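Colleague: Given next are the chains, with one letter for each unit.
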Amino acid sequence: MNIKGRTMAKKVLLVDDDPDILVLNQTVVEENGFEPVTAENGEQGLALARSEKPDAIVLDILMPRQSGIKMYRALKLDDGLKDIPVVVLSGIARKSFLKSQDILSGNDGRQVPEPDIYLEKPVSPAMLADAIRKVLAGK
Amino acid sequence: MHHILLIDDEPDILRVLAMSLRVDGHTVHTAASGEEGIELFLKHRPEIVITDIRMPGMDGIEVLKRVRSLSDRVEVIIVTGHGDVDVAIEALKYGASDFINKPVRDEALSVALKRAGEKLAVQQQIRDYTHNLEEKVEEATRALRRQTVFLQELINSSWDGIVGIDADGAIAVYNPAAERIFGKSARQVLGTTIDTLESGVRTIIEQAAHSNVCHLESQELTVIAETGERIPVDFSGSCLFDGEVSIGFVGFFHDLREIRRLQQELVEKERLATIGQTVAGLAHCIKNILHGLEGGSYILDAAIKRKDYEKLTNGWRLIQRTVHRTADLLKDLLTYSKKREPEFKPCDPIGIVKEVCDLLLPIAEKSRVTLDIRVEEGGPKTVMLDPQTLYRVTMNLVSNAIDACLFDENRLKSFRVMVRLAVREGERIDLWVTDNGCGMDEETASKLFVSFFSTKGAQGTGLGLLVTRKLVEEHGGGIEVTSRLNEGTTFHVWLPVRDHQPDEHQGENHGKESVVGG
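Protein chains in written order, with the numbering used here: chain A, 80 to 218; chain B, 9 to 526.
Note that these hints are calculated values from the structure, not bench results. Honestly, I wouldn't trust all of these hints.
[Said to hold, decoys possible] If we take Cβ atoms under 8 Å as the criterion, some of the chain B residues that face chain A in the derived model are: (1) N296; (2) H299; (3) G300; (4) G303; (5) I307; (6) A310; (7) K315; (8) K319; (9) N322; (10) W324; (11) L326.
These numbers were taken from a predicted model, which means no experiment stands behind them. C-beta atoms are modelled at their ideal positions from N, C-alpha and C, and glycine is treated no differently.
This is chain A alone, in the form it adopts within the complex (with noise of 0.2 Å):
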């Protein structure tokens, strides 16, 4: 690893409407590293995502009033945004699910790029740590 140090943190926004998963998440970034925010639903993680500019977002998708897969598409069409990669947490497959939330083409009919990780719940702390460090290396 490189030089470790509190500014040169890369910052991971977590999204879990489960506190016990986002305390789990929380620890998983401290222990590897990087500094993490954390909201209970998207409206909240979409408010912290134009304030702190957090370096990578996990995103659990399947959250309540579909909040996770709004502030996805949020993200997306986001000028600013839209460049942070997201790591989506779900507790469904893949493929149906991208297939049957409308999640790409929304309603309004506007296209949003696939997810750059999708992982399936339950998602142990190594699988986590991998998919946030590849993606801020891909970034």
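Put chain B on the given structure of chain A with help from the hints.
Modeller: Coordinates of chain B only, in the frame set by chain A:
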């Protein structure tokens, strides 16, 4: 007019008679001896032969015999001398149709010819008639045979065993399917009495034959075959009548072995599929539990390493919550898999429902869902039911209702869960849980009571409604659901309550105790 052969050894008589006959318009051949007569007969085949009886060589009787043996379409008239009565009688014995005395008078001759002609005509008629009749009989026989073969084949080719008994009680029909079922051959059985049949079948046929019930509706029987095999059959039978007259009885035996085998196979397949589903569902639940425990240990490791007390608390809580969830899952699994007798005791249903709502109120508030209770007035305060059942059913349905609001994407709605309760003394209690949340499409609604089916991802076990229904049914009640996608869902549960048993449980508050445990 006739075709006549005239035989006489006296040329004069021959000439005169021939002339006379020809004058009358007949065709006449003449022969001077019996031998010549036979020769001409073979050549010309006349209808009528008139022969003198006394001739040298072949006499009239011999001519008669020969002619008769040559043809049956000929009339022979014998001409006899005066006083030849014996000969005349002999001639009649050999089939002469008439005889006339010498000297032959025209009158007598014409009478004899007329009679012979009539006989010939009658014979021809009989022949024609007989011929017609024979043809008709043959045709009818052929048709009858065709029909019999058709019916026989019909019976033989039936997949159902057919046993027919005639009016005398003898077995008249025993088709190959019956052979296959009972294991006795038709040869052993046909023509014997019904004592030859298997005893169960015999009894039922005897009962039917002796009762006035002439049509036996299909019923399932088990017959024991010759091999000892117990064969399930579907039996039906009927008395047979020709008009008013009873002509026998017929029994139909439909072999159910193949159907039973397929049914068993299906049950077994379903059982295996259910086991497969259960195992897959359980594996999924265990995976989630394991993940929670691993996550907790990960946080604890990190916390210990950093001596971070707050993190330690977080990790430990995650482990505790996972343990709690595991206990809940286990409880649901046990409830689902074991039969439980509801424990009826006096309790306060309104109090139980309120207690559940109080417990869930913070969760509802956090999710911005209003939770209301409405109790229909006039009901008694205490009724006899199983408080545990009511507690868990209410808990499941109200939590589901709050979840349904959470999963609704419509942010303009103000979400509301309404719990309504009606208590009727000695009858039943009704509980309605209505939400205006996301609702369900038909597909989801149809899977509501399928084990491990959940729309809540890792959050749900897919057992809640299953357990709810089981508890309700064990209590003798019912559950129904109405739902519209995006508009909301209502679950309606009713539980019968028992009459108070004043000497039991009086003064104790069992209800409260067990609710706290639940």
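Colleague: Are the hints correct? Go through all of them and say.
Modeller: Status of the hints after comparison with the structure:
1. N296: 6 Å, holds
2. H299: 3 Å, holds
3. G300: At about 7 Å, which falls below the 8 Å cut-off, the nearest Cβ of chain A leaves the hint on G300 (chain B) intact, so it holds.
4. G303: 4 Å, holds
5. I307: Check passed: Cβ of I307 (chain B) comes within 5 Å of chain A, closer than 8 Å.
6. A310: 5 Å, holds
7. K315: At about 14 Å, which exceeds the 8 Å cut-off, the nearest Cβ of chain A leaves the hint on K315 (chain B) violated.
8. K319: 7 Å, holds
9. N322: 5 Å, holds
10. W324: Since chain A brings no Cβ nearer than about 11 Å to W324 (chain B), farther than 8 Å, the hint is violated.
11. L326: Given a least distance of 5 Å, the restraint on L326 (chain B) holds.
Checked against the numbered hints above, the structure violates hints 7, 10; every other hint is satisfied.
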